[in-house]
Amino acid sequence: MTMTDRPVDNGVNVEALLGAREALTAAPEAAQFTWRASCTWRTGTHSQSTVAGFTGLGTEQQHRSTYEFDVDHPECFASEDNGATPVEYVLVGLAGCLTAGVASVAQLRGIQLRSVTAAIEGQMDILGILGADPDVRNGFEAITVRFTIDADASREDLEALLAQSQKRSAVFDIVANPTKVLVELA
Amino acid sequence: MKATAVVVGAGHAGLAMSRRLTERSIDHVVLERGEVANSWRTQRWPSLRLLTPNWQTRLPGLDYAGNDPGGFMPVADVVATLSCYASFISAPVRTATRIHALRAVSQGFEIQANDDLVCTRAVVLATGACILPAIPGIAAAVPPSIKTLTPLSYRDPGQLPDGGVLVVGASATGVQLASEIHQAGRTVTLAVGEHVRLPRTYRGRDIFWWMEATGLLAERYDEVDDLTRARHLPSPQLTGRPDAAITDLNSLTAQGIRIVGRLGRVIDGVAQFSGSLANTCALADLKMNRFLNRADEWATAAGLDDQLPPPHRFEPTRVDPRSPLELDLAKGEITTVLWATGFRPDHSWLDIPVRDRTGHIRHDGGIVTGAPGLYILGLPVLRTRASTYIHGAGADSEALAGHLHSFLSKR
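These protein sequences, in sequence, are chains A and B.
Residues in the first sequence are numbered consecutively from 1, following this note's numbering.
Residues in the second sequence are numbered consecutively from 1, following this note's numbering.
Treat the hints with caution; some may be incorrect.
[As the list claims (entries may be wrong)] With a cut-off of at most 16 Å between alpha-carbon atoms, the simulated EDC-like pairs for lysine to aspartate or glutamate come out as follows:
no., chain 1, residue 1, chain 2, residue 2
1, A, Lys180, B, Asp162
2, B, Lys147, B, Asp328
3, B, Lys287, A, Asp157
4, B, Lys331, B, Asp162
5, B, Lys287, A, Glu156
6, A, Lys167, B, Glu194
[Stated by the list, open to error] What the simulated footprint calls covered on chain B by chain A, stretch by stretch (three residues with Cβ under 8 Å from a Cβ of chain A suffice, anywhere in the stretch; the number is not a length):
no., stretch
7, 261-275
8, 280-289
Note that these hints are calculated values from the structure, not bench results.
Beta carbons are placed, not taken as given, at the ideal position from N, Cα and C, and that holds for glycine.
Construct the complete structure from the given sequences, taking the supplied hints into account.
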């Protein structure tokens, strides 16, 4: 490891995050966010979801553009495979959340990242969703995420980075802890 | 009745403050709902011992003088020590005096205590941080067939119905009670959320020796990185048992206690635990090792490496990958749930708008914000990390009494 004069830059604006923490602690109502997606059935198991707006900082917010996601199931499920499966989107969400956390915490701790990749796997016994075995749950039995990180830091520092990124991850919390879910007819 | 200052609560903090006021010749009275050391007398389980070693259990003008400086005081001795201290400093304590209201008036404060109205210019709240059990809302969903206890109502394993016990929370209280109940022959499951792992001793010295020597306990509230976090940190997984038993999760697992994740919710009688147990344990191991690194660096810098056993590290917390995510409370395996989920103060009688949106009193190192003449003492990390422990009241009371004194002189 060599020390350089160049400041650590992982492309994360830590000052803005710390400023937001301070400002939102003083004005907690602005910290109330509502995240939204809408979904339209196409045919079979294929649906399209869009993400455009959300509510936060006391007002309606817009993404820079509308994002669209095709959701389907693979051909071995007798589907057309027009997109990733819903459970794969969960993995995408978890990997994206943890990775954003890794970059942010690294920036905060002065760790320059060169590359970060994550391989994420969810193990599932599909006898659960098929209703074939009442003792098998529908969801993942377990999820494993394996990060490969190239950075100016010791292995211990990187382990601490991963631990902190899990601790502050929204999706990790959503996946690991119970959440109240209400599904109803409009 | 009139007094220049009123201290509410005759525990270690209130008595320390009384001593400081006496030193400054400030006429005052200490109002106490029960007797001196009331929480210790009435709200603590009998086998509890202080987490801090005897040599550290010092109050202004009184150092530990017994013959077991490395031991840990049982509750009964804490009560005796505080009672002696109250006499020693001639604290003007009015026992059996319950406060019904505390209001700000133009001349200072008005306190409705029993049938008396006490007028005063300054008030120090020293009623304690551990008065009410902090029980999460999910407790309401526990089936009524299950007996529920808190550390305030727990006495010993004999009061529990036959059957398994779920202890919720793995701070000092949770690990001690899980261990005690397990040793009484019960099947114990311990739900573990964020926790603080520390060894009782390291390199031949008590961990509190290290915390004091390295300067950790002296860290000021306005210097710690994250004050909110520091003030809400669970107590370390330690016990003051005379055998200096290890109460980390590995030792509890080895004894046969089942470790599960944080209790997330109870739905249809089924307790659901967090899948984040491995990370919670990894965070605690990392944090412990950061402190041990700091201790080793300090020892080297202080030239003590020759006098101390060599540095070493403890086995990382073992997490059973098969630890259950669910437990059906209605099936009869569990008959008792013990909420070791923390404590909170009780300031329900305070009629002054000084609370933040979460109900905590806003203060700057014990000087209550927006209520000149009002002080609070005896809370975790009030002015330093030592504030959490008995001996921290010495420096805290000195600083706040100094402030109170100049406040009185300015008027």
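key: Which numbered hints fail   = Going through the list in order, the structure violates hint 1 alone and respects the others.
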